[in-house]
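Asks: Below, each chain spelled out in residue letters.
There are 2 protein chains.
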Amino acid sequence: MRTYPEAVQFHGHSCPGLAMGYRMTKAALDHFSFERAEDEELVAIVENDACGTDAVQFLSGCTFGKGNLIFKDHGKMVYTFYNRSSKKAIRISRPAEFREKLTDRDLSREEMIDWILSVSENEIVKIEEITIQEPKFARILKTVICEFCGETVTETRVHELDGKVICIPCFLKQNNK
Amino acid sequence: MRTYPEAVQFHGHSCPGLAMGYRMTKAALDHFSFERAEDEELVAIVENDACGTDAVQFLSGCTFGKGNLIFKDHGKMVYTFYNRSSKKAIRISRPAEFREKLTDRDLSREEMIDWILSVSENEIVKIEEITIQEPKFARILKTVICEFCGETVTETRVHELDGKVICIPCFLKQNNK
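So the sequences go chain by chain: A and B.
Residue 2 is where the first sequence starts when you use my numbering, and the numbers rise one by one after that.
Residue 2 is where the second sequence starts when you use my numbering, and the numbers rise one by one after that.
Hint data in this document are derived by calculation from the structure and do not stem from the laboratory.
Check before you lean on any hint, since a few could be wrong.
Since copy identity is lost for identical chains, a pair holds within one copy or between any two.
[Said to hold, decoys possible] Below are the DSSO-like pairs computed for lysine-lysine, each with C-alpha atoms no more than 27 Å apart in a straight line:
hint: 1; residue 1: K73; residue 2: K137
hint: 2; residue 1: K73; residue 2: K143
hint: 3; residue 1: K174; residue 2: K102
hint: 4; residue 1: K73; residue 2: K165
hint: 5; residue 1: K143; residue 2: K89
hint: 6; residue 1: K143; residue 2: K127
hint: 7; residue 1: K89; residue 2: K102
hint: 8; residue 1: K73; residue 2: K89
hint: 9; residue 1: K137; residue 2: K88
hint: 10; residue 1: K137; residue 2: K165
hint: 11; residue 1: K137; residue 2: K174
hint: 12; residue 1: K102; residue 2: K143
hint: 13; residue 1: K165; residue 2: K102
hint: 14; residue 1: K174; residue 2: K88
hint: 15; residue 1: K174; residue 2: K73
For reference, chain A alone in the conformation it holds in the complex (with noise of 0.2 Å):
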């Protein structure tokens, strides 16, 4: 399992939603025995896309690039993995009691983020074993020319415009001459 420095490597520095991600993600590995994902055996759905998401991304492999972060915009700090070999879901949370012990103890962000990286699981992450339809698979599009600009575009994200395919970025363009 990488660890809580690693992920703070990749982020770019350690703050409370890091440390917050790093323990969710942690807890969801460790309940499924789940190493890290080199392709897309295990996926997490994100319903934000703050700071705990890169301790996502990092300890678990699914990230953005590989198709297996499905991120919906829900303003949520809560993630569901899924794991393909076992076909089983869990829903990563944090338990209600959770928000009142932090904003009781009146700690420095420092503080704060040693105390969510050392207080007990079950004090910090619900895992709720839920039901879900497997996610697709990232789909392998074709490439076209966009006879504008002459740059590879995929090809389910062209226009035709006067019998030409043209790439979003041209269309826009030439929509605002």
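With chain A held as given, fit chain B onto it using these hints.
Replies: Same frame as chain A, but now just chain B:
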């Protein structure tokens, strides 16, 4: 500068897309004499979410969870980097001849990766200095409690139902009843 094998460790496997993203990001960082973003000093605008973007995240520190990775779903392997200290932007793409060179060679996957990693930079990376509006900083938003599930939610993501604050997943459940 982080190495290609380290980027592979982050992405989970080696592939031509990651190698390409590695060369493009390295060229951008070298151009700016920039090491890596601890916070939001550097911003990357990526025009697809394919493998190469994991090299962008890993090398540049412009990550999904830090607010300095902006995704425009154009299906293009084009990365724009904005340096907040110099206020300069560069657009990184691949020269038009690159595609022909790559297909002409009829290489295996491994040979293709080796070629991408070893070819001279001007054959594989096109750098254009461009002018863009400075990207906004990520905002730290307040958190509220969903009165249906009791979980915390970013205030800009809630709805209201019967005068109560409701998060998107609870709202969707209510509408499916």
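Asks: Does each hint hold? Answer for all of them.
Replies: Hint check:
1. When the C-alpha separation of K73 and K137 is checked against a cutoff of 27 Å, the pair qualifies both within a copy, at 15 Å, and between copies, at 21 Å.
2. Taking CA atoms no more than 27 Å apart as the test, K73 paired with K143 passes in both settings, with 26 Å inside one copy and 19 Å between copies.
3. Taking the shortest Cα distances, K174 and K102 never come within 27 Å of each other, neither inside one copy (53 Å) nor across copies (29 Å).
4. Within a single copy, K73 and K165 get their C-alpha atoms only as close as 34 Å, which misses the 27 Å cut-off; across copies the closest is 22 Å, which meets it.
5. With identical chains, the CA atoms of K143 and K89 are never at most 27 Å apart, being 32 Å at best within one copy and 33 Å at best between copies.
6. Taking the shortest Cα distances, K143 and K127 sit within 27 Å of each other only across copies (22 Å), while inside one copy they are farther apart (41 Å).
7. In the homo-oligomer, the alpha carbons of K89 and K102 never lie at most 27 Å apart, since the shortest distance is 31 Å inside one protomer and 45 Å across protomers.
8. Taking the shortest alpha-carbon separations for K73 and K89, only the intra-copy value of 20 Å comes in at or below 27 Å, while the best inter-copy value is 32 Å.
9. In the homo-oligomer, the alpha carbons of K137 and K88 lie at most 27 Å apart inside one protomer (13 Å), although the nearest pairing across protomers, at 40 Å, exceeds that limit.
10. Taking the closest pair of Cα atoms, K137 and K165 never come within 27 Å of each other, the shortest separation being 31 Å inside a single copy and 35 Å across copies.
11. Taking CA atoms no more than 27 Å apart as the test, K137 paired with K174 passes between copies only; the shortest distance there is 22 Å, against 34 Å inside one copy.
12. For the identical chains of this complex, K102 and K143 are inter-copy neighbours only, at 18 Å across copies versus 51 Å inside a copy, given an alpha-carbon limit of 27 Å.
13. Within a single copy, K165 and K102 get their C-alpha atoms only as close as 61 Å, which misses the 27 Å cut-off; across copies the closest is 25 Å, which meets it.
14. Within a single copy, K174 and K88 get their C-alpha atoms only as close as 45 Å, which misses the 27 Å cut-off; across copies the closest is 23 Å, which meets it.
15. In this assembly of identical chains, the alpha carbons of K174 and K73 lie at most 27 Å apart only when taken from different copies (15 Å versus 30 Å within one copy).
Going through the hint list in order, the structure does not satisfy hints 3, 5, 7 and 10.
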